[in-house]
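Trainee: These protein sequence lines map, in sequence, to chains A and B.
Count the first sequence with this note's numbering and you get residues 1 to 113, in order.
Count the second sequence with this note's numbering and you get residues 1 to 121, in order.
Do not take every clue at face value.
DSS-like cross-link-like pairs, simulated, lysine-lysine; straight-line CA separation at most 30 Å [to be verified]:
| hint | chain 1 | residue 1 | chain 2 | residue 2 |
| --- | --- | --- | --- | --- |
| 1 | A | Lys57 | B | Lys78 |
| 2 | A | Lys9 | B | Lys113 |
| 3 | B | Lys73 | B | Lys113 |
| 4 | B | Lys70 | B | Lys55 |
| 5 | A | Lys14 | B | Lys55 |
| 6 | B | Lys73 | A | Lys57 |
Simulated from the structure, these hints should not be mistaken for laboratory data.
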Amino acid sequence: NAGVTQTPKFQVLKTGQSMTLQCAQDMNHNSMYWYRQDPGMGLRLIYYSASEGTTDKGEVPNGYNVSRLNKREFSLRLESAAPSQTSVYFCASSGDRDNQPQHFGDGTRLSIL
Amino acid sequence: AQTVTQSQPEMSVQEAETVTLSCTYDTSESDYYLFWYKQPPSRQMILVIRQEAYKQQNATENRFSVNFQKAAKSFSLKISDSQLGDAAMYFCAYRSAKWRNSGGSNYKLTFGKGTLLTVNP
Numbered sequence: 001n002a003g004v005t006q007t008p009k010f011q012v013l014k015t016g017q018s019m020t021l022q023c024a025q026d027m028n029h030n031s032m033y034w035y036r037q038d039p040g041m042g043l044r045l046i047y048y049s050a051s052e053g054t055t056d057k058g059e060v061p062n063g064y065n066v067s068r069l070n071k072r073e074f075s076l077r078l079e080s081a082a083p084s085q086t087s088v089y090f091c092a093s094s095g096d097r098d099n100q101p102q103h104f105g106d107g108t109r110l111s112i113l
Numbered sequence: 001a002q003t004v005t006q007s008q009p010e011m012s013v014q015e016a017e018t019v020t021l022s023c024t025y026d027t028s029e030s031d032y033y034l035f036w037y038k039q040p041p042s043r044q045m046i047l048v049i050r051q052e053a054y055k056q057q058n059a060t061e062n063r064f065s066v067n068f069q070k071a072a073k074s075f076s077l078k079i080s081d082s083q084l085g086d087a088a089m090y091f092c093a094y095r096s097a098k099w100r101n102s103g104g105s106n107y108k109l110t111f112g113k114g115t116l117l118t119v120n121p
């Protein structure tokens, strides 16, 4: 029952360092998403991928890049980390049926010093 | 663009009592879905309940039920017989019910800012 798996669970970076957050799902879902969660802000969409080979910007894409490596995997990259990117990052996936909810990973807590 | 508003940053309830969490949303669409997610201290996002906008009947899941008022764009969550394990952050979320043209489906969620529920023994 893996569902959506995110790695790592925790990470501390220095300003300017780069990092890739990994996400994989085993539910054969077409759609995958990256969110960030900040105190008092709820979850905000960074990027999403409606299907393998496509990606689109969400609400807060600046400072991030994504890669939909295959149907299972969707990675999020910070090229030059900034303190404002300190957050908890969630990956999610969803199926194609209209009433299916999104399934979330357990999140990655990222701190940038 | 759709917006979701949770006007109660924090709520508390006594164990075994009932509590209602409020959620309002703004949309020009007629077909959509609404969700309540629970996030306990473990940080997991757990689906509590979902409502299809085209259904007039309010969704229920055991002790959890919603009051969906489409005209008022209101979607409140009622938790009956509250338990200590219900203590968590609760998020209301909106999703449009439409397909993208890219060949796949896209069901982006728009979240409210959350309500932190405390359950007192």
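Trainee: With reference to the structure, classify each hint as holding or not holding.
Mentor: Status of each hint after checking the structure:
no., hint, result
1, Lys57/A x Lys78/B, "34 Å, violated"
2, Lys9/A x Lys113/B, "23 Å, holds"
3, Lys73/B x Lys113/B, "17 Å, holds"
4, Lys70/B x Lys55/B, "10 Å, holds"
5, Lys14/A x Lys55/B, "50 Å, violated"
6, Lys73/B x Lys57/A, "27 Å, holds"
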